[in-house]
Each structure stands twice: as C-alpha cells, then as structure tokens.
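*Asks:* Chains as they are written, first to last, in this note's numbering: chain A, 765 to 1039; chain B, 44 to 202; chain C, 223 to 628.
Hints are computed from structural coordinates only; laboratory data are not their basis.
Below, a sample of chain B positions facing chain A; criterion: calculated Cβ distance under 8 Å:
no. : residue
1   : 106
2   : 111
3   : 112
4   : 122
5   : 162
6   : 165
7   : 168
8   : 169
No experiment lies behind these values; they were computed from the predicted model shown. Positions of the beta carbon are idealized from the N, C-alpha and C atoms, including for glycine.
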Amino acid sequence: MTCKTDSSSCGSGGSCGCRSGSEAAAHDPVDAGRRWFMKAAAAFSTTVLGPGVTLLAFAESDAAHAKPADQPVSSKQRWGLLIDAGKCQDGCTACVTACSTENGWKTTGHPETDPQWIRKLTVTSPQDGSSFSMPMLCQHCAEPPCVDVCPTGASFKRADGIVLVDRHICIGCRYCMMACPYKARSFIHEPLEDQKPYAPRGKGCVESCTMCVHRVDAGGIPACVEACAKTGNAAMIFGDLNDKNSEIAKRVATYRTTRVRADLGTEPGVYYQNI
Amino acid sequence: MWMKGSWPRLVVALALIASVMAGTLAAPALAGPPTPAKGQGDKCVAPTDWMRRNHMKGLMHHRQRTVHEGIRTPQFDLNRCIDCHQVKGDDGKPVTVSDSRHFCRTCHDYAAVKLDCFECHASRPGETTTTGGLEGSPHGAPGAGDVASLNRYLEGAGR
Amino acid sequence: MARITFQKLDDHSPAFWGLLAMHAAIIAIGLGAFFYMEHHGHIVTGMNNAVVWGTPHVFAVFLIVAASGALNVASISSVFNNLAYKPFARLSGILAISLLVGGLTVLVLDLGRPERLTVAMTTYNFKSIFSWNIYLYTGFIVIVAAYLFTMMDRSVSKSGKATKVMGWTAFVWRLALTTGTGSIFGFLVAREAYDSAIMAPLFIAASFLYGLAFTVLVLLTMCRETQQELMGDEMLYKFRNLVMIFALAVLYFTAVKHLTALYATEHHGVEAFILRDGGIYTALFWIGHVLVGNILPIVIVAFLAGQGKLLTARQGLAAASVLALLGGLAFMYVTIIGGQAYPLELMPGMQIKSSFLDGEVAQYSPSLPEVLLGIAGVSIAMLITGVAAKVMPFLPRGTELEHKAA
Chain A
765 MTCKTDSSSC GSGGSCGCRS GSEAAAHDPV DAGRRWFMKA AAAFSTTVLG
815 PGVTLLAFAE SDAAHAKPAD QPVSSKQRWG LLIDAGKCQD GCTACVTACS
865 TENGWKTTGH PETDPQWIRK LTVTSPQDGS SFSMPMLCQH CAEPPCVDVC
915 PTGASFKRAD GIVLVDRHIC IGCRYCMMAC PYKARSFIHE PLEDQKPYAP
965 RGKGCVESCT MCVHRVDAGG IPACVEACAK TGNAAMIFGD LNDKNSEIAK
1015 RVATYRTTRV RADLGTEPGV YYQNI
Chain B
44 MWMKGSWPRL VVALALIASV MAGTLAAPAL AGPPTPAKGQ GDKCVAPTDW
94 MRRNHMKGLM HHRQRTVHEG IRTPQFDLNR CIDCHQVKGD DGKPVTVSDS
144 RHFCRTCHDY AAVKLDCFEC HASRPGETTT TGGLEGSPHG APGAGDVASL
194 NRYLEGAGR
Chain C
223 MARITFQKLD DHSPAFWGLL AMHAAIIAIG LGAFFYMEHH GHIVTGMNNA
273 VVWGTPHVFA VFLIVAASGA LNVASISSVF NNLAYKPFAR LSGILAISLL
323 VGGLTVLVLD LGRPERLTVA MTTYNFKSIF SWNIYLYTGF IVIVAAYLFT
373 MMDRSVSKSG KATKVMGWTA FVWRLALTTG TGSIFGFLVA REAYDSAIMA
423 PLFIAASFLY GLAFTVLVLL TMCRETQQEL MGDEMLYKFR NLVMIFALAV
473 LYFTAVKHLT ALYATEHHGV EAFILRDGGI YTALFWIGHV LVGNILPIVI
523 VAFLAGQGKL LTARQGLAAA SVLALLGGLA FMYVTIIGGQ AYPLELMPGM
573 QIKSSFLDGE VAQYSPSLPE VLLGIAGVSI AMLITGVAAK VMPFLPRGTE
623 LEHKAA
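Chain A on its own, in the form it takes in the complex:
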C-alpha cells in the first residue's frame, strides 16, 4: 500500500475535509480526541494550574485567568509587563539569558545580525552622568506600528494584546523593523536548526519577543519575569492590565509609570517605573 494508491474510507471525492463536522465526528478517533481533550482540559486545570498558582507568586491573580485550551484569547485581557528600573541591577542579564534559553535564540558574536528578543539598556543622562539599567523588549503596543505597515498581516496583535509575527505568512520584507520605534525586532539572517518545539523560528523571517505566548496560554508567566524573580530583584511583573485586582494593574494605578516613547501614541503594554 502506498500513500498515493491507498483506498480511503472517505472515498475519492475528498469530501471529508476537516471542515465537514458531521462526517469527521463519525470517525471514532476524532470524537475520542475531543472527549480526551475535554477531560484533559479539566484535569489540566486542577492538577497543573493548582500548584502553578503557588509556584508563580507574581502571576497569582493572572493564573486564575488561564483560559481553556480550546477557547480563543479574548480582549477581556490585556497582558502587560511592569518593569521597575529601580530594582533592575546593572550588569544583571538574568532576563536576557532566560529568554534566550527559553526560546532558543543564540548570540554568535555578531551583535549587528544576531537576534535579541530582549536586551539590557544602559541609559545615561548627558547632563549629570547619572545612569540606570533596564530591559528593552517588544513593547506589545496597543497601536503597533509594525502591525500597521506589515503588507501581509503576518505582524499582528492578538486579542489579548500580545504582538506576534505569524512566521507562516511573513515574507521577510522587514518593513516592520523599519517601523518599530523600539528596535525590538530582529531578522533571522542565517539558516537555523534545533529550534525549540514551542518556539519555531527560521531563516528569512522577522521575529521579536512573544511574551512567551506558549507559557501565557498555559497560564504561566514569561521566562524573563520568572528569571528576574529568581534573582531576588523582582523588577518585572507580568499580568492582566485590564484586571483591576491584578498586581500589575494596582501598581500601574498607584505609582507613576512611564511608557517608552509614549509621545508616538503607540500605547505600549510594557510599563516602566523609575526611569
């Protein structure tokens, strides 16, 4: 039997695409798959998220929002970050290392062409020489210029505010990189191998911070935030800006925060304190 000549129970008409629901449901395994999923989702939320909530202290209020895996993300959430530059230590690159390990991007010693989803910025005042350190990454704008200019719609904003590149339809024109005020995006200049299963990336496409979307969808927090907490600095908080009871929303409402290049009207989802 070959793939080509094998006679299928579907017949040769090819009428049983995955869209014809009734027909597909008639196949036991598909149906079983769905049932399996429902159980799994229930089991998942009780066994996995339970401990997760206590483990991930900073995501306490947010983990409760972990959506069922079969539900689309909604605009009820607006995921964001709050970064306190006052707690961010000079020379500490825990967030950068964590991001690189998590998502599989590496530096090859050519900073001009290497990807950098997140980087440490040293900001110095030319007047008095005072300086501070802060991580710079995709700002996950509410009005992202990269999304506006992308010709194919590969650059897009999810309903929950996370700005992503759909690498399946990115043609590598790099207009988004021209448009981004934060230099947050990088282009993959070389062929890659051994990518992380949950962070696909390849030559010829543009990429940037995904806010660890694979973790967030599972009710987790971004790798950088987690790593920052582990160092004890705890300069980064992740959470739902729309949820008034979340730690991040409370802090944004209480303290004076800054958003980088807010003058451009991009409405970043990343807030900074003490910059």
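Once you have looked at the hints, place chains B and C on chain A.
*Replies:* Coordinates of chains B and C only, in the frame set by chain A:
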C-alpha cells in the same frame, strides 16, 4: 534548411528523453512504497486513511487557530505528531528531518512533495522548558513524548 | 502638422545585439547573486538588524521612482496636449513599465522568503502602505499597458478619446504611485530622517528627473541603433529645459525638507548626521545628490552645452542625464541607508547603550551580491525596453542621420 532548423529541436528532445530516463532510474519507485514509522500511542488523532490524505489540512487549520487565536488543542498539534511518530536514530536519539528515516520524510520523499515546516519548526521532540515552571503543560513538549501515556495520566488524575 | 509614424527596430547592428547580450549576462549574474543570498540568508549581505534595507532597496526604489517619471513624456502629450511630445509617448510608456518591472524584481528577490510571493499577492493588510503599493504597482502596469494599447491600436487610436482618458488615468495613477513610494518612508514615525509628509512631493520631483534622464538616454541609444535623428533640435531644447526645471524642483524640496527639520531642535541630531557628521552619507548627500545629481546637470545644460560651447547640446543632455541618474542613486542611498544608520531615539534626551548597539550609528557596507542584484534590476528594465522596441513599433520614425551629416 529543414535539417538545419531542426537540429536544436532534436537536441532538446534527446535531452528531455535522457533526463526522463535518468529520473525514472533514480526514482525510489523501484524501492517500493514507503513504510513510515508507526506512532507510539494506541491510535492516531484521526483515522489513518484520513490522515494520509488530509493531515496538512488539519495542521493548517490548527496552525491558524493556534498562532492567531491562542487555541492550543492537542489534535493536529504538530509537536504532538513529532513526539508520537519519532524515529530513533543509531545513537538512540530521535532523528531530525535531515535523516531520511524521519517519519515525515519517508512519504514526502516518495511523493516528491517539498516539506517546508521544518525550516522553522523543530523536527524532533525537544526537552522540557529549561527555565522550569511549566513542566507538564500541554505545550511545553511532554518529556515522555507519548501522547497516549499523557492521555492515560490525565484521565486518571481527573477522576 | 506632419503625420507621426512609428517603427520597430529591424535592422540590427552588432552593437544592438552586444548591448542585449550584455544586459542578459548582467541579469544572469544578478540571478546568481540572488540564489547565493537566498541560500545563505542575509548574513552574506551587508544588511543587519539596524540597516534592514540595503543596496537592493536603493536600486529598487530608484527604479520604481524613475518608472513613474518615465511616463512624463506620454503624460505631457496626452494630458497636456503638447503634440511635440507625441512621437515619444509610446517609448515613454514601455520604458515606464520596464523600469517598474526591473525595480519590483529586485525588491521581490531581496525578500527574506521570496518563494512566498504568492502570500504577498493573496494576503493583504489594508492598513499597510506596502499593500497599497502592491495595488499601485500592478495597477500601474495594467493601466500603462492599456494606455499603450489606445495609442497603438489602429482603430482605437483614431479618435484619440480613449488615449486621452487612459492618459489621464495613467497620469493620476502615477502621481499616486510615487506618493505611495515616498510615503513608504514618510509614514515611518519612528525614523526621524523620514517622518515627514514632504517625502512624497520630493519623490515626485525626483521621479520626474530620473524618468526623463532614462528616456533621454534610451532615445540617444536608439538614435544610434536606427541611424536616425529621433530627437530634433526642438525636442533637445525642450528636454534640456525640463532637466533644469526638474533638477531645480528636487533641490527646492530637498532644501525645504532639511530646513524645516533644522528648525526643530529635536531633529538637530539627525540633520547634523546627514548634513555634517555622517561621513559617507554626508559626502553622498552633498557631492552625490546635490552636486552631481542636480547642480552639475543644471550647469551643464545651461552653461556648458550648446552652439559654440564646450559640449554640443546633445552631449550636454546626455551628460546631464547620466549625472542625474548617478545623483539619484546617491540620493536613494542617503535617504534609505543613511536614514537607518542614524540611531533610534529610544530615550529622547538621554544617551543609551546596549549589546544590541543602541545609540550607535549603524554600520553598513554593501556586499557584492547586493550590488549585482541591484544592477541586474537596471538591466532587466533595459532588456525589456530593447526587446519591446524590436517586436513592436514603439519608436518614432526620425530623419536619417546621413542627411544631417551631409
């Protein structure tokens, strides 16, 4: 005149015939149909006949919903296909798509259909996320790499 | 008014075949360069994460801008009813299409994933000016082709009405096209060097100049090939005047762009970079764009060429055209690459430093494959024009050169 004009055509025709013959001889057809590696679980996410013809539609549908809407259901999750259908190489580790024994390649080579997924996607199961915190998540690439066992585990845990 | 007749190239000199062969060879080399870059990735180019658009884009935008300008002559004849330009309207149309195809080819072959061109053609984000441009470009080709048909079809061209309608459509369309191309840069709020509405009119003025320069050079080449005088003294004079007007317009918009920017303190950094401290970019701006591209052409046609002067009017126009095109490439280089080399202002008023080279002027030096691909774009345009002139009557019938010489 006629002879003169037809020479190039003759050359082209001969070249064509030669290339077709060479292609026929080199084709894997003589080696028989492919026998892709079996998955490790009890059954696939859909009937095998259906999968043979339509797996790309399932993957495409899933990809659209996952990337844009964050829907991460297990059926047609490429990572799960990779996990379940992994083929061990000589070193005991799962082979990548650069190895002709790779599950996807066995058929795609035979059918001469270009495989584009693995320019970006990992073609073998990865380790769990190193920074921790997410072990056991449905997306953190199950270490066991066995959907069926995960299935049984979750079903048991749910009761 | 004498009846205008047209001809196709049918009596070929070795020089004609030589020229075609040369362009074909350059295109082949350019394609080789493309495959090389496509195989290894953009790591083998000079482009990087800061200068994301390099030499291919310099050539591509240059050709696209020139394409819309090449339609000038046809527009003057159909839209503004100037009969003197009518003999050149067909050539102007085909040249416009050729230049656009050449530019687009370079643009497409520089994509990170060129094999996904079908994606670009089928998936649109209508808020992107790039998407509008895909329509503007393909529409331009279709409209100019239809315009050519109304000029060249015996029955349709008789009344002249259809030509007039299509002429107007093409005219409006090409203004939109150059506006769109200029706005690719003008709409980039993040880049200080670009963020200005004046990019669009500046690009339109530049397109007039480059398009005219290409038209003149192609006509002069065709004169040689047909052994006929295709451009009479009257036309020489008209083209000469146009070169001056267009070059002055480019200078004017360039001056306005930089003067307005200089007025605002926040732009002093980027202006100082382009105008004073930018090294290669400053040199290319003043020597390439301003001097070679605009002032020299004006000086040559106004003072150095004509009867009893250093150059003949014909030589003067040819020299001015070549210089204008070289200056055009310099202008594109300064605009596209210089604009990216200047660091982004992440923290206005503060100095920034990072492992990602924030706050530093980005380094870029063109690699050979990029340059070859870019030049291949010009050759594609020239090859199409040459072949078109051979298969269809795009060229006016002129007076035999022997008469003139005698």
